[in-house]
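Novice: Chain by chain, the residues:
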Amino acid sequence: MIHDGRFGRFGGFYVAEPLLPALEALEQAWLDAREDSDFQATFRALLSDYAGRPTPLYRSPALSETLGCTVYLKREDLLHGGAHKTNNTLGQGLLARKMGCRRLIAETGAGQHGVATAMVGALLGLEVRVFMGALDVARQAPNVQRMQLFGAEVVPVEAGARSLKDAINEAMRYWTEHIRDTFYVFGTAAGPHPYPSIVRDFQRVIGEEIRREVLARHGRLPTAVLACVGGGSNAIGAFAPFLDDAEVALIGVEPGGEGLDSGKHGATLSRGELGCVHGSLSLLLQDSHGQVQEAHSISAGLDYPGVGPEHAHLRQTGRAIYDSATDDEALRAFAWLCRSEGILPALESSHAVAAALRLTERFDSDDVVVINLSGRGDKDLAHAMSALEARR
Amino acid sequence: MSRFSDLIPTVRAQGRGAFVPFVVLGDPDLATSVALARALCEAGSDALELGFPFSDPPADGPVIQAADVRALQAGTTPPACFEAIESIRGFTQVPISLLVYYNLVLRFGIDAFYARAAEVGVDAVLIADLPPEHAGEILTAAEAHGVDPVFLASELSTPVRLRRIAEVCRGYVYCLARVGVTGTRNDLGAAVGESLARFREAFDLPLLLGFGISSPAHVRAALASGADGVIVGSAIVRQIEAHLQDPDAMRRAVHDTARALREATSLPPTQSEPC
Ligand SMILES: Cc1ncc(COP(=O)(O)O)c(C=O)c1O
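Protein chains in written order, with the working numbering: chain A, 1 to 392; chain B, 393 to 667.
In isolation and in its complexed conformation, chain A is listed as follows (with noise of 0.2 Å):
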């Protein structure tokens, strides 16, 4: 390996050994697109003609009135997929092509990152299999059916919790026995190095264009960046671009579930301890004697015990704050978002609304704050509904 892939003490590849070629590899393989014109000119034409970027930057008046101040709305739920997943998996599957790989293997949660591995294994005529725990195949169903639509194998996991920490497992089962003509398309700015980095790198253009876009419109920064968090890439994506500037606030939102008290929640950066799985040191939901626990979330895209180690340094330096939503927060502002704005956000991106919701004392009148919508929520209409309709 070239670099450590640390983060401050966070990161590190801990993997077993056959693994580790294929990351070298992997590792070489990134840091020569990073310097390749060709490379970056096609990442380029197909994040714009083929995914519609840039996305909008939608002021929104519902949210700039309650909190009394400038609210942007970054709008990845309009890019192609559906989410900013599809960032990353593009970037992921011209990286495979440049090494020969004609298999794609990916994790989902929400099922947003297998649709957008699926959606780009069509498009550069490669095979997807995607590894989904068993109990989000039945609450994302609309998303397996894209996958398959795409052409997708989608394998449910019944291990575990049968959730996203479940499917990741599996795929590093799946790539350990097929390294060898395997691309495995990390979904998020966790695991081992080099995906951290490499996560962040396709997702930067998100935080890219909002900095391009604020400095256009008021000639300043933005006074604060939210974003949910799950592993953390939609949230890093929307920092990295910001990390030097201190005068920018990032604050990320972690799920609160049924409240960080209860147990029952996905709060990593807010109650994780240091410790290793899948494949890097981090903050990690775990007991006492280092068995990982099971993270909660009504949303399937953020319920994972683990972080990404880069939010975990950034946490540590104080350079990013981290907040959370529970459920219940999420689902209002959820449906609030729908009824103010006529936008149906993702369940995940539900939370960076419900934490902007609590900050109506925080901002002046002249302070700008963009929320990283990062996705629709199509996909989670019909559990939305029933948790909705149980809440009445």
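Hints were generated in silico from the structure; no laboratory data involved. There's no promise every hint is true.
Over the 10 Å line for every Cβ pair with chain B, so calculated as not near, a few chain A residues [to be verified]:
1) Ser64
2) Glu65
3) Ala138
4) Glu209
5) Arg319
6) Arg358
7) Met385
Beta-carbon label-pair distances, calculated as ranges [said to hold, decoys possible]:
8) A:Asp4 / B:Ala583: 24 to 34 Å
9) A:Ala41 / B:Glu525: 29 to 39 Å
10) B:Pro471 / A:Ala216: 58 to 68 Å
11) B:Leu636 / A:Asp245: 51 to 61 Å
Far from chain B, by Cβ distances over 12 Å, these chain A residues were calculated [said to hold, decoys possible]:
12) Gly68
13) Leu126
14) Ala134
15) Arg173
16) Cys338
The C-beta atom is built at its ideal place from N, Cα and C for all residues, glycine as well.
Chain A is already provided as a structure; the job is to place chain B with the ligand on it using the hints.
Specialist: Using the frame of chain A, we list chain B with the ligand on its own:
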């Protein structure tokens, strides 16, 4: 110098390769694990490889995963595993190696883990998801407490990687018979002989071959391909799984399976000369 330094000279003198079975401690509960370890020793095992159950074992196939689940459901914890090893040391002096995942060691405290391992008579520790590049603190603790740090080598490991492994690995090298996760297989990997020849060049340590070795025929093929010994996990654990309702039958099945594998370790006469 741990008990592993005597392992290969001892079995070579008997004209054999080493037979090392693997079970997960706590599968199906710790008292039974101790009894199974005794049965494995009675079957003539040359060393024991013991796993601590972990909630998320990505290097393991379905058989070992299920064993981890059973052990965790029985409430097995690392401190209790160490106590079980103390009991096992009450009846055997064969070398004992642990197979664990890094988070369990980290959580226990790295130095405390190796101190406790040494105290209960563990000779070696292999951390499945710890590459040599990240082994700094582990090597310090292992050395301080006289425990051999063992690493994996795979047929995909590049020459540079093999050198890096050779720098830090002690006791024996855990050589992968195939690229993949643990589990029983129909045949031994095709390239095993070639890989073992490369490992022989790279390492000045016993080469124990594991992952997928599940029958006496595999054992013979592994030793004929140049391994110094074999590690057999899933084939043993399957016997536990098959006899969960009947502890006596479980002990017999584990013993008999181990015995048959152990009997397959005799080397053909030309190879049995001490080297
Ligand atoms: C719309 C949406 N937002 C956010 C996430 C969480 O992932 P990350 O934290 O990597 O952005 C997901 C994951 O599936 C998602 O689908």
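Novice: Next step is simple, just say for each hint if it's right about the structure.
Specialist: Verification of the hints:
1. Under the 10 Å C-beta cut-off, the non-interface status given to Ser64 of chain A relative to chain B holds; the minimum distance is some 43 Å.
2. Non-interface status of Glu65 of chain A relative to chain B is upheld: no Cβ of that chain comes within 10 Å, the nearest being about 45 Å off.
3. With 10 Å as the threshold on Cβ separation, the claim that Ala138 of chain A sits away from chain B holds: the shortest Cβ distance comes to roughly 21 Å.
4. Listed as a non-interface residue, Glu209 of chain A keeps its Cβ farther than 10 Å from every Cβ of chain B; the least gap is roughly 36 Å.
5. No Cβ of chain B approaches the Cβ of Arg319 of chain A within 10 Å, the least distance being about 25 Å, so the stated non-interface status holds.
6. In this structure Arg358 of chain A is separated from chain B by more than 10 Å, as the shortest Cβ-Cβ distance comes to about 33 Å.
7. Residue-level check passed: Met385 of chain A sits 33 Å from the nearest beta carbon of chain B, beyond 10 Å.
8. Evaluation of the 24 to 34 Å hint for Asp4 of chain A and Ala583 of chain B yields a pass: the beta carbon distance comes to about 31 Å.
9. Between Ala41 of chain A and Glu525 of chain B, the C-beta spacing of about 34 Å keeps the proposed range 29 to 39 Å intact.
10. Checked against the given bound of 58 to 68 Å, the beta carbons of Pro471 of chain B and Ala216 of chain A, roughly 60 Å apart, stay inside it.
11. For Leu636 of chain B and Asp245 of chain A, the hinted distance range of 51 to 61 Å is satisfied, since their beta carbons lie about 60 Å from each other.
12. Here Gly68 of chain A stays apart from chain B, with its beta-carbon at least about 45 Å from theirs, past the 12 Å limit.
13. Chain B leaves Leu126 of chain A outside its interface by the beta-carbon criterion, the shortest separation being 21 Å against a cut-off of 12 Å.
14. Against chain B, the non-interface label of Ala134 of chain A holds: every CB pair exceeds 12 Å, the least being about 15 Å.
15. With a least CB separation of 5 Å from chain B, Arg173 of chain A falls inside the 12 Å interface cut-off, contrary to its annotation.
16. Here Cys338 of chain A stays apart from chain B, with its beta-carbon at least about 37 Å from theirs, past the 12 Å limit.
The structure shown violates just one earlier hint, number 15.
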